[in-house]
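Quick mapping for you: the protein sequence lines, in order, are chains A and B. Read in order, the letters of the first sequence correspond to residues 13 to 127 in my numbering. Read in order, the letters of the second sequence correspond to residues 95 to 208 in my numbering.
Hints are supplied without guarantee of correctness; some may be wrong.
Straight-line C-alpha distance at most 27 Å; calculated BS3-like pairs for lysine-lysine [said to hold, decoys possible]:
#1 K136(B) x K83(A)
#2 K109(A) x K83(A)
#3 K69(A) x K21(A)
#4 K163(B) x K151(B)
#5 K173(B) x K162(B)
#6 K69(A) x K26(A)
#7 K136(B) x K162(B)
#8 K173(B) x K153(B)
#9 K83(A) x K21(A)
#10 K173(B) x K151(B)
#11 K136(B) x K153(B)
#12 K163(B) x K109(A)
#13 K157(B) x K136(B)
#14 K136(B) x K26(A)
#15 K69(A) x K136(B)
#16 K83(A) x K26(A)
#17 K21(A) x K136(B)
#18 K109(A) x K151(B)
#19 K157(B) x K173(B)
#20 K109(A) x K162(B)
#21 K163(B) x K153(B)
These are calculated hints, taken from the structure and not from any lab test.
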Amino acid sequence: NAGVTQTPKFQVLKTGQSMTLQCAQDMNHNSMYWYRQDPGMGLRLIYYSASEGTTDKGEVPNGYNVSRLNKREFSLRLESAAPSQTSVYFCASIHLKGRSNQPQHFGDGTRLSIL
Amino acid sequence: EDQVTQSPEALRLQEGESSSLNCSYTVSGLRGLFWYRQDPGKGPEFLFTLYSAGEEKEKERLKATLTKKESFLHITAPKPEDSATYLCAVQADSITNTGNQFYFGTGTSLTVIP
Chain A
13 NAGVTQTPKF QVLKTGQSMT LQCAQDMNHN SMYWYRQDPG MGLRLIYYSA SEGTTDKGEV
73 PNGYNVSRLN KREFSLRLES AAPSQTSVYF CASIHLKGRS NQPQHFGDGT RLSIL
Chain B
95 EDQVTQSPEA LRLQEGESSS LNCSYTVSGL RGLFWYRQDP GKGPEFLFTL YSAGEEKEKE
155 RLKATLTKKE SFLHITAPKP EDSATYLCAV QADSITNTGN QFYFGTGTSL TVIP
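Take these sequences, add in the hints, and give me the full structure.
If you want it as structure tokens, here you go:
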């Protein structure tokens with residue numbers, strides 16, 4: 013029972029390099045999210061996708077792009093990495109329907125360092 | 095503005111010493127309040143959902159309660175394996191939030207000393 017799978021688990025980049033973080037869920041959830049977690053800042057929403065074919069900005073979208081490839085997969089791209097993007101990135105998914113209040117399910121994160 | 099604040103930031107307890115973690119929230123309409131446990135190097139793991147004031151949920155040594163302004167996570171006779179960071183999140187209904195966004199507190203880092 014995989015749940016939410018994130019790849020890679022660790023990555024080191026140089027300033028200006030680009031990369032894509034991958035996320036896949038096998039729970040047939042319609043909504044997916046990307047967060048970053050920094051010390052003392054908690055989890056901050058970067059982008060989310062309420063359903064296949066839609067994406068919306070969260071609290072800290074600058075410097076990132078996302079693609080909802082299909083119902084299962086939601087990727088996060090850094091076009092030109094900056095040291096300020098050094099963080100731990102978490103993907104989450106949930107099945108939102110009407111006024112449902114189900115919890116999000118999280119992957120184990122990608123630890124990204126930008127030098 | 096929807097907001098979630100957790101206290102204390104860090105808590106050290108002796109094994110068996112009970113205590114409580116606090117999560118205060120400001121939202122125009124609460125759809126759900128969630129508690130998660132996060133171990134080092136791992137993603138948050140769901141513990142409880144609370145929907146309305148007065149509600150309580152229990153799991154082993156943990157008990158979560160909810161009022162109109164805050165939630166408490168009570169830890170009774172903790173063990174070293176309860177050491178983790180505990181996160182609180184709110185799903186809100188408001189003009190600016192259709193219920194698709196969740197707001198997280200910064201967490202309480204709990205250390206239980208044998």
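Status of the hints after comparison with the structure:
1. K136(B) x K83(A): Status holds; Cα separation ~24 Å.
2. K109(A) x K83(A): Cα-Cα ~15 Å, so holds.
3. K69(A) x K21(A): Holds: K69(A) and K21(A) sit about 24 Å apart, inside 27 Å.
4. K163(B) x K151(B): With Cα atoms ~17 Å apart, K163(B) and K151(B) stay inside 27 Å; holds.
5. K173(B) x K162(B): violated, 30 Å
6. K69(A) x K26(A): holds, 25 Å
7. K136(B) x K162(B): Not satisfied, since the Cα-Cα distance of roughly 31 Å exceeds 27 Å.
8. K173(B) x K153(B): Roughly 14 Å separates the two Cα atoms, so the pair holds.
9. K83(A) x K21(A): holds, 22 Å
10. K173(B) x K151(B): holds, 19 Å
11. K136(B) x K153(B): holds, 21 Å
12. K163(B) x K109(A): holds, 26 Å
13. K157(B) x K136(B): holds, 23 Å
14. K136(B) x K26(A): Holds - the C-alpha atoms of K26(A) and K136(B) are around 25 Å apart, at most 27 Å.
15. K69(A) x K136(B): holds, 25 Å
16. K83(A) x K26(A): violated, 32 Å
17. K21(A) x K136(B): Distance of about 10 Å is within 27 Å: holds.
18. K109(A) x K151(B): holds, 23 Å
19. K157(B) x K173(B): holds, 15 Å
20. K109(A) x K162(B): Cα-Cα ~24 Å, so holds.
21. K163(B) x K153(B): Holds - the C-alpha atoms of K153(B) and K163(B) are around 23 Å apart, at most 27 Å.
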